[in-house]
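Student: In the order they appear, the protein sequences are chains X and U. Quick note on the working numbering: the first sequence kicks off at 6 and runs consecutively. Quick note on the working numbering: the second sequence kicks off at 6 and runs consecutively.
Since the hints were made in silico from the structure, they are not lab data. Hints may contain errors.
It does not matter which identical chain is used: a pair holds within one copy or between any two.
As the list claims (entries may be wrong) - Result set (SDA-like, lysine to any residue): computed pairs, CA atoms no more than 20 Å apart in a straight line: (1) K592 x A534; (2) K362 x E123; (3) K372 x E123; (4) K101 x L480; (5) K560 x G670; (6) K503 x P694; (7) K638 x A663; (8) K564 x G670; (9) K654 x T489; (10) K443 x A174; (11) K197 x E450; (12) K136 x P95; (13) K395 x T38; (14) K638 x E658; (15) K571 x E306; (16) K571 x P606; (17) K109 x K136.
Protein chains: 2
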Amino acid sequence: MTTQSTSTSQAPASPDGLDSIFRPKSIAVLGVTNTLGTVPHDIFVNILTTRFNGVVYPVAPRKRHIVGVRAYNYVTEIPDPVELAVLVFPGAVCEKALQQCVEKGVRAAVIISAGFREIGPAGLERENRVKAIAREGGMRLIGPNCLGVINTEPEVRLNASFARAMPDAGRIAFLSQSGALCTAVLDYAASKHIGFSKFVSLGNKADVSEVDLLRYLAEDPETSVILMYLESINNGRELMKAAREIAGNRSNPKPILAIKGGRTAAGAAAAQSHTGALAASAEVCDGVFEQSGIIRCQSLEEMFNAAQLLSQRPVPRGSRIAIVTNAGGPGVMATDAAISNGLDLAQFSDETTALLKAALPAAANLKNPVDVIGDAREDRYGAALDAVFKDDAVDQILVILTPQSMTNITTIAQTVCDIKDRYADSDKSLLCSFMGAKDVAPGIEILQRNGVPHYILPEWAADAMWRAAWYRQWLNREVTQIETLPVHRERAAAILDKAPDGYLLESQALEVLEAYGFPVVPSVLTQTADEAVAAADRAGYPVVLRVVSPKIIHKIDVKGVILNLKNADEVRKAYGAMRDNLLQHVKAEDVTGILVRHMIPAGKEIILGVNRDPTFGHMLMFGLGGIFVETFKDVTFRIVPIRASAAGKMIRETRAYALLKGVRGEPPSDIPSIEDALKRLSQLAHDFPRIAELDINPLIVHPQGEGCHVADIRIRLEQP
Amino acid sequence: MTTQSTSTSQAPASPDGLDSIFRPKSIAVLGVTNTLGTVPHDIFVNILTTRFNGVVYPVAPRKRHIVGVRAYNYVTEIPDPVELAVLVFPGAVCEKALQQCVEKGVRAAVIISAGFREIGPAGLERENRVKAIAREGGMRLIGPNCLGVINTEPEVRLNASFARAMPDAGRIAFLSQSGALCTAVLDYAASKHIGFSKFVSLGNKADVSEVDLLRYLAEDPETSVILMYLESINNGRELMKAAREIAGNRSNPKPILAIKGGRTAAGAAAAQSHTGALAASAEVCDGVFEQSGIIRCQSLEEMFNAAQLLSQRPVPRGSRIAIVTNAGGPGVMATDAAISNGLDLAQFSDETTALLKAALPAAANLKNPVDVIGDAREDRYGAALDAVFKDDAVDQILVILTPQSMTNITTIAQTVCDIKDRYADSDKSLLCSFMGAKDVAPGIEILQRNGVPHYILPEWAADAMWRAAWYRQWLNREVTQIETLPVHRERAAAILDKAPDGYLLESQALEVLEAYGFPVVPSVLTQTADEAVAAADRAGYPVVLRVVSPKIIHKIDVKGVILNLKNADEVRKAYGAMRDNLLQHVKAEDVTGILVRHMIPAGKEIILGVNRDPTFGHMLMFGLGGIFVETFKDVTFRIVPIRASAAGKMIRETRAYALLKGVRGEPPSDIPSIEDALKRLSQLAHDFPRIAELDINPLIVHPQGEGCHVADIRIRLEQP
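If we strip away everything but chain X, and leave its shape as in the complex, we get (with noise of 0.2 Å):
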């Protein structure tokens, strides 16, 4: 909770002066001593022999030299200006090192030291005095507890981490809150030969948070694609805002990837015992995610995989494969994942199809996916992908080779790299997986200097293109604004501001959405029996009689809802029943009352309704409601207020949706009564933060063009 009042209670942190981190001039490390194999060393050594770009000045009381470099007793000391330090003091030393810091006029600082808020309540307070004196001086700062971070700009070349190597130069930039996490990632990228522009451990981000970086990030030109490793999140909605700026700006989109640790319950336990960070549930995350237009990652091959083709140009424009193949075996498997991630197969044009029967010899399947023949060589490659570049049916080609004796490895790689010059204005995205290690290593070598993504398996190729195509078409949405309906918020302010906090009455609930025009049954609190007869007769057969008192939460349990009664004399039996079955479980001058309406006919149930997430606020959930809710989590969530175009994105994203269209010939649901309804509520529950949680449910919805009706709602209020 602390991390979510710290930065929300101030302003929030702008990403001004994060070229003093990545771009210093000078740096001066504090804390440095002359032990080979530990972090205060290393950092400073690290610095030097990756050769940054700068002076870098140790910061060692009491010693003269470290590995030939003078050292200051204090950064003050140091004659020339500073502008970034790099603490790596024991933690309770920081406070005074970064003090004279600001005495030094130093523009930004790296605390990697640990022992603040991940140790408890002590090191929280520290953290905080250490923020409050950064802040003060006008510092921006990383950390503290983290591994600190690296630029690969030729004209930098910044490795303040302890990091041993510096990793390669590339487009892409890493962001994680498990220093841990950051040395396993490298090591694992050098492998690849995958290159990164920013490389960044955020640490208990006391300041500098995953959104200041994104939105530095965003306007660095070394950077194509942005990956994030978080555990928690400060300000969900700043994150939600940075993000569909920067992936969603069509002139320049940047596609942000990102794994949230801690997706079940299990991982959430274990990200709170090690970060005492919060962990919003999978499907609320889910949710936000894809609303922000996130490339929601679960491991890190996924996400590196994805990354690889992203940081490629242009975004690819679509989820149309074609596959070529030397191999019918990995072409069935590539085909398996494409269209179980949801790809598409492209259908070839007949010139396409008469192009592939000229090149290729009569055994060659010229279907997707094209099978060259175990034998094929770099004319055969080249002559189907120049076919398949050429037709406007594709949008993604994969382009596999198993190592048969016939292969020509190398001569092939060449040709794929030279086609991809060929067609170097086509948006089309082009990427390989020459199957196996050893053997096909020269080629991946050939493919990788050529900027040509690479996956040993197919499978994985099929992952990426399923992650791209997801971005293009989220790219591609249509914006929308969001809609104010006219409704009649002084009625619903009437109730809600003065009811206390916890559960309305359904009497008083249903009168919240009715003045938000919500389609509400008609019904009327009677006392008697006769009252709730004339009410009957009023609203029409059949009827149903509910209870309502603040002391029932449950109506059902305690036979508070009887249905479809008929007639006069089935509602005076049935008043009569549920009074006395009441007055076992309430005192009499607890029932408010009974509420009489026309029974709502059969139809489809669902779901609506609303929560406040600890990270982001109002969320909104749509899904298949009854017995159903439980069983299938069939949901989906969005953040309030919703664009006009969500709601109907919200319903079209679950299973529910194939009911609602009608199958077996069933009339089709309601549905735009639903998109309406789902608007409202997005309204409703914007206008009143007080709402912590709502439950229209059932919803039922009839058949296309006669609506839907609220048949039960449940609504709690908590001060925020």
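Assemble the complex: chain X is given as a structure, and chain U must be docked to it using the hints.
Tutor: Using the frame of chain X, we list chain U on its own:
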């Protein structure tokens, strides 16, 4: 179809004689040339240069010698006995060459040559002729159209393939129906130091099939785990039988892992254009593989990850895992992956927690996942592993290491191996993920040399642990017998044996079900409204009317079903209305009558079904019924006849099970009555091979103790 019918029309081939393929004393390669880089040349040279422990003779008409070895014009010219022939002649020459092999007394052949079934009808004929020659000559045959076979046993060292290098010896056998995949797999496995016992390219499977090889490998002391890539299955029943015996042999279980290429419709189409093989649908194959204990994988990565773990002994004992890590983030990611896969985090005993507390620093996380903290060295890893190995609640242990500056990687690796040795008698498994590449490489090498399965990413380890846990659960399953329930077989036969191909009338289908003891509601076939009213009076209201007509398959489309008729008057009116309406669709003489029955009260709707799969025969299906079948595809399949315990398992493995158990305080449904119906359905299908399709949809299930009722039935007959 050809594949299947050819195999089943003859006696199944026995695995005898396969020793001549894998362990021949002498080999003739028929069709060798002197052209480097071609199959006919390379295969001979591969056998020679990978140091085959026997004699190899080149047969190369009109050549004196091949790479210095004396050549022969015909196999019959060879002065010594020849045990195995490897044919690399063009397809057209193979018949004659094989005939000569028979004359020579050769025991077995591997036909590498293409030009058979895969090129069309002429090729298929040639393949059948070749097969006949082999059968008549008493020879076993691998291929044609394959890459060859490999046996790494030191006493044999046979590389009769066009793979460039001999793989390492290991405990994994690999069978592949895609030759090209073989080359890629060998190269991929080499880079991960994965060794093989046997390696077989199946080709067109004219004689030796996957079943023969499974039975051979079951007896092979070099093989601990069997991997298969299949695109078609020759004889589904035989495959299942063999798999159950081998994977289910409790005294010496050999896990079988398989990828079935052609999972998706598009994948299956690709598979068909490739080998002309039949593809079974993904759901059917999943059910069959699960039933037989085959661990189904979808990618090579999944398969080899699991194989590395399962090639160790013993098979891991369960799904409760412990994680020991020096980094929080990867611990969180591993936990997420494990839980999503269905593994459980072990709950440590107090003793374990005390041991961990004594050995680890204050900042360590003593709960699972155990975080030994970034500066951990071998002592902490050793103590933590020792503690979790002793805990009875732990089944599998994952060690995660990230290379931080204090991490002594190789020493920790050695400690892990020592612990493994110390607990050599334990039935727990130990896996490692040393994350990264270059930095951790020396540590990984130590692990691999000592037989500790290693995975670069902890998510992969989690995937392997999950598959191993699944297999353990299958291995420990209760094995029950097939029950034979008392039924009126003759009564059903009187209808089923007489009826023509096509749909049975509903009245007949109901009689069949009744004969087999299904809960059928008594119904009366009526010809007039008076008869209907009389029947309704006897049945008790409300009643249902249902048309019976050989011309009407979909009753709903012609309003041929009317529900919920509450009295004689309503029945009379409805009867007239239905008749009038029907006569707009069919002639009066085509209406057999109108069924009258008491209306089944509401309940949970499920579907039971039978279909006849071309590969596996009769399959039994269970799932959520009504309009949800198509939307959620929440169904499961088993081969007919099922064993006693299978009915319950089928129900429990669907999500519908949660609904049947009762959600939100609903009473549980009568699950035993569904189990009974499943057993009866299995027996019915087994007794009557002509049943091609059968749907009970819905079966309406009432609360526990109140049984279930067949609400609709459709049976289609067709000669198999």
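Student: How would you label the pair K395, T38 (within, between, both, or neither) given a Cα cut-off of 20 Å?
Tutor: neither (62 Å within a copy, 41 Å between copies)
Student: At most 20 Å between C-alpha atoms: does K372 with E123 qualify within a copy, between copies, both, or neither?
Tutor: between (58 Å within a copy, 16 Å between copies)
Student: State whether the alpha carbon distance between K109 and K136 is at most 20 Å within one copy, between copies, both, or neither.
Tutor: within (17 Å within a copy, 89 Å between copies)
Student: Between K443 and A174, at a C-alpha cutoff of 20 Å, which is it: within one copy, between copies, both, or neither?
Tutor: Only across copies: K443 and A174 sit 18 Å apart there, 25 Å inside one copy, limit 20 Å.
Student: Is the C-alpha distance from K571 to E306 at most 20 Å within one copy, between copies, in both cases, or in neither?
Tutor: neither (62 Å within a copy, 63 Å between copies)
Student: Classify it for me, K638 with A663: is the Cα-Cα distance of at most 20 Å met within a copy, between copies, both or neither?
Tutor: both (15 Å within a copy, 12 Å between copies)
Student: Quick one: K197 to E450, C-alpha cut-off 20 Å, is that within a copy, between copies, both, or neither?
Tutor: both (10 Å within a copy, 19 Å between copies)
Student: Is it within, between, both or neither when you check K362 against E123 at 20 Å Cα-Cα?
Tutor: between (65 Å within a copy, 19 Å between copies)
Student: Measure nothing new, just compare the shortest in-copy and cross-copy C-alpha distances for K571 and P606 to 20 Å and report within, between, both or neither.
Tutor: both (13 Å within a copy, 19 Å between copies)
Student: How would you classify K503 and P694 at a CA-CA limit of 20 Å: within, between, both, or neither?
Tutor: Cα proximity of K503 and P694: one copy only (14 Å, versus 72 Å across).
Student: Between copies, within a copy, both or neither: which fits K592 and A534 at Cα up to 20 Å?
Tutor: For K592 and A534, the Cα distance is within 20 Å only inside one copy (18 Å; across copies 55 Å).
Student: I want to check one pair: K638 and E658. Are their C-alpha atoms no more than 20 Å apart within a copy, between two copies, both, or neither?
Tutor: both (13 Å within a copy, 17 Å between copies)
Figure legend: structure checked against the earlier numbered hints; hints not met, in rising order: 4, 13 and 15.
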